[in-house]
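Engineer: In case you want the letters, here they are:
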Amino acid sequence: MQLARAKFYRPRLAHELVARPRLLEQLDSANTKPVTLVSAPAGYGKSTLIADWLEHSPLPSTWLSLDEHDNDLNLFGAYLVAAIQCIFPGALQSAAALLNSSRTPPLVALANALSNDIAELPTSFILVLDDYHMIQEPAIHTLLSDLIKSPLEPLHLVLATRTDAALPLSKLRAAGQLCEVRARDLRFTMAETDVFLRCTVGKEISSENVQLLQERTEGWAVALRFAAQLLRQGSDTQDHLAQQISRNDSQLTDYLLYEVLAQQSPEVKELFLKTSLLPQFTAELCDALMDSEDAARTRELLQELEQKEILVALTDGQETWYRYHHLVQDFLRVKAIARYDAARIAELHRRASRWYKKHGMITEAIQELLAAGDLKYAAQIVHENLHPVLNREEGRSLIALWFGFFPSEFAEQTLELVITKLWLVSIHFRLGAAPPLIARAEELLAAATELDDASRRSILGEIAYFKAALAYWRNNSAQTIEITSHYYDYLPREYEFARGNMLGHYALTLQTIEQTDRALELLTNALKDDHSDSSRFQVRIMVGFAFFYLNVGELRNLVEISESLLLMTKRSSAISQVFAYYFLGLAHYEWNQLELAAQHFNSAAELRYIGNVKASHESLGYLMLTQQAQGLSSAAAETFQELVHFTDELQSGALIYDANAFRARLALMQGNVDAALLWATSVSFDSKPHMVFDVAANLTRLQTLLETRKPENIRLMLEETQALLAFAKSTHSTRRQIQLHALHALALDALGKQSAALDALAKSIGLAERGGFVRTYVDLGTRMTHLLNLLLARNIAPDYVQQILAATPGGGTAKFSQAPWEKTDVRVIEPLTLREMEVLEHLAQRQSDKEIARALVISPLTVKAHTDHIYHKLGVNSRREAVQVAKEFGILDSHLPGALPN
Amino acid sequence: MTPLERAEPQANGAYLKPVEYTPGLGMDTLVPYLIRVQGNLDAIWLDYFAISIVVSAPPGEPPVSTICLQDSDQASVLGILNSLYDHGFPLLSVERLEA
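Residue numbers (the working numbering), protein chains in the order written: chain A, 1 to 902; chain B, 1001 to 1099.
These are calculated hints, taken from the structure and not from any lab test.
Among the clues, some could well be false.
Computed, partial: chain A to chain B, Cβ under 7 Å [said to hold, decoys possible]: (1) S39; (2) A40; (3) P41; (4) T163; (5) D164; (6) A166; (7) P168; (8) S170; (9) K171; (10) R182; (11) A183; (12) R184; (13) R187; (14) E218; (15) L861; (16) K864.
In this text, a Cβ means the ideal position worked out from N, Cα and C, and glycines have one as well.
Using the sequences provided together with the hints, build the complete structure.
Structural biologist: This is the structure in structure tokens:
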């Protein structure tokens, strides 16, 4: 995540700061209390007081200034973590990792990670959140509430806010855990006003005037400061000022502000108007806006304004950013808008955007372009920065953040944003939503006559990427090969992530049409050919290699490549690291090294909010099966709950399908055939599933039918097994043939055809011996053990068969554990009610609660209740997300097969 | 409140006698408020604000929650109004009670 450094800088203290010992003392209890609230309107000197207090605080402290752009859980979390890392570099690893994933982590997961990480910090520290009133996002309030719910020893949170934050303050107050400084504390007393005026004005002020000022400003710091500015100008204004402010026509600050600003030189006034459009700026950015060549002069001006307390300087000691005092900014911005026409203002935003872009602050550059109304160009900047972010394999939630800046009608009509959306869909494992987007992108590309050839070519490459990926997952090898061989070179070299994936899919497709040598050659050459400094492209190719070895059943090679992959990714890429653990888990499970398998699957599952979604999801499912195989039923039950929870959060049709298949497999392992049968007869299965992942569900169905021991089911199962086996052969998927031959053997055996059964099993064993598959047979139960014993009698691969038999419970005779299967509700996804569907449709039309209430003739409160339910069921926090998820998920069609593994 | 009068300089440069300043309610003054919203306010709110809540629900009408904010400055009044807004409680009235 790119973070604006200036947000961590604290205000520089004025030289002539008046000491306010009573407030500093009051704040000292913040060193012992978990939460401190400094709550008062703008201009009461909240930030100054806190900054002053921190100077003398015995505890280390860190500062975070919030603004309206921070109303995003992920972004806020990233800033929070980065702020704490300013004191403890490298700390908060698990929270940081969560926030670096490609999607917003669930609130609970983030809150837990943060709490645990913070609890481990070695010393107490102070975290200041300045301008907390800028936060409206309820999820952020909840996050902070969670953090302070049971006070975390090291954390002392200090909130500076204009209005009381939506945190359980009352509860904290009652428990004596809240240190509070409010407006009535902050207002200058008569004595303080006297000292303040004496110090800042530098001459005697009559006591009547001091009293008048104190009364009239009500001790409001900002008003006193401006009054002092005016008084500093000349001796004769003292009485004039006193007269002016002793009137009752309110708006005292406006008057004072107007007077102060009116006294500035034309040069400064121009600077005011131009810079007031920005939330903050450096001297250099100021130059860029002013067209000024004289950098030294600008620096001087800004310092003067800081001394006059018109600007607040935020600094880390080296770099300095400036912002206006909030009241001043509002005042100036109104003036700037009145003074400049829209075109001029847009040009200023454009200039700021150029400066941000040049300095790598892409998010700010995009925001300034949007403020300038240059949506088209902003979309181009998003697209330009897409691949660097994808390549990095971290901080991918930036893509969703940027995409969210644009109004959806615009996004639908803009090529670069449709492409961005496709990448989002792809990394969020919702490739089912891709086809209409691909069609839209092609339409827009055809209409985009202004594109130069190079851009057109690279966009064609990207569109081809998604088409090839879809074709790959739909088992359409001819199309995958055609598209990839034609368009692969269209992808620019620096699109490392895209190129690596596309090549991987291509190689795996070649393997399915028995061009194994070519596939290996392609992958090997790609590894050699990588001249980039980073290993990102290589990492993608290694994942491709691993899938290759998995499909052909070469488990030893799989382990070897996965171990290298693990080493390569340990340093950099958690997204691909998950694959390494997943493959290692699979191989060790198959070898019946259950403890190792559980460790690897667990490592992958722990990375589930960071790493590749599909591999993490599979790993969680396999972890559950491994635990069951170890006889740890209650651990398996817990993992199942985690799987349900994780699936709920992801809302991908394909993953819901997988999760149900895993559950059925667990049921079979527990001997609950009825539960598995319920699933196997209520889900629709693809007759030609993808052999990498999707077919696993088909295999579970076959085993379920077999275990019902009903002749008609077994006949059906035999038929389906033969069809799938033919398909597995045609796609050269050795691993699946091993499993299908074994099932075939059991079917034949059940129908009394023992000799044919043993032939089938011999085929399976013949293919499996090289890789050393064990668990495939053990998981098929006692009848398989029996067949293996018969095979042994025939002296077929005796060493290997004995090895398998040794792994069966009781070394080849005992039965599976018959642990009772609890009939819990599998609420992997809770369907929406009819009413909720109606509300959802209205939400999609962007109607307000009130409008919806009117349309459905219910109260807005009821609408609110419905939307809350919808959010809960869809696992989202906002309308926009709800509509987005519902659209992508296609709520109505239950299973869209196929999705990218990457 | 005194009606607003602008001070105009007279010919000799002296100002008219300014309207006397009379202090009123300050941003920091602590006063009790009564806030009424439509909807059923949960007791969880008591954790958040120093308030007491009475909920009434006349038959056939939507429930009304009356919130009594004890001595509060403007920051806490605005804080609770923001929260009520965020949680979708339509505001019926805000009333300052005489201390």
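Engineer: None of the hints should be skipped; say for each whether it holds.
Structural biologist: Verification of the hints:
1. About 4 Å separates the beta-carbon of S39(A) from the nearest beta-carbon of chain B, less than 7 Å, and the hint is met.
2. Hint status for A40(A) relative to chain B: holds, with the closest Cβ pair at about 6 Å, below 7 Å.
3. The beta carbon of P41(A) comes within 5 Å of a beta carbon in chain B, closer than 7 Å, and the hint placing it at the interface holds.
4. At a threshold of 7 Å, the smallest CB-CB gap from T163(A) to chain B is about 4 Å, leaving the interface hint in force.
5. Given the 7 Å rule on beta carbons, the hint for D164(A) holds: about 3 Å separates it from the nearest Cβ of chain B.
6. Against a cut-off of 7 Å between C-beta atoms, the interface hint on A166(A) holds, since the closest Cβ of chain B lies about 5 Å away.
7. With a least beta-carbon distance of about 4 Å to chain B, the hint placing P168(A) at the interface is held under the 7 Å criterion.
8. For S170(A), the shortest C-beta to C-beta distance to chain B is roughly 5 Å, which falls under 7 Å, so the interface hint holds.
9. Hint on K171(A) holds. Least Cβ distance to chain B is approximately 4 Å, under the 7 Å limit.
10. Look at R182(A): its Cβ gets to within about 6 Å of chain B, closer than 7 Å, so that hint holds up.
11. For A183(A), the interface hint holds, since its Cβ comes within 7 Å of a Cβ in chain B; the closest pair sits about 3 Å apart.
12. The beta carbon of R184(A) comes within 4 Å of a beta carbon in chain B, closer than 7 Å, and the hint placing it at the interface holds.
13. Interface restraint check for R187(A): the shortest CB-CB distance to chain B comes to about 6 Å, inside 7 Å, so the restraint holds.
14. Among the interface hints, the one on E218(A) holds; its C-beta lies about 5 Å from the nearest C-beta in chain B, closer than the 7 Å criterion.
15. The beta carbon of L861(A) is positioned within 7 Å of a beta carbon in chain B (closest approach about 6 Å), and the interface hint is therefore held.
16. This hint holds: K864(A) has a C-beta 5 Å from the nearest C-beta of chain B, less than the 7 Å allowed.
Going through the hint list in order, the structure satisfies each hint without exception.
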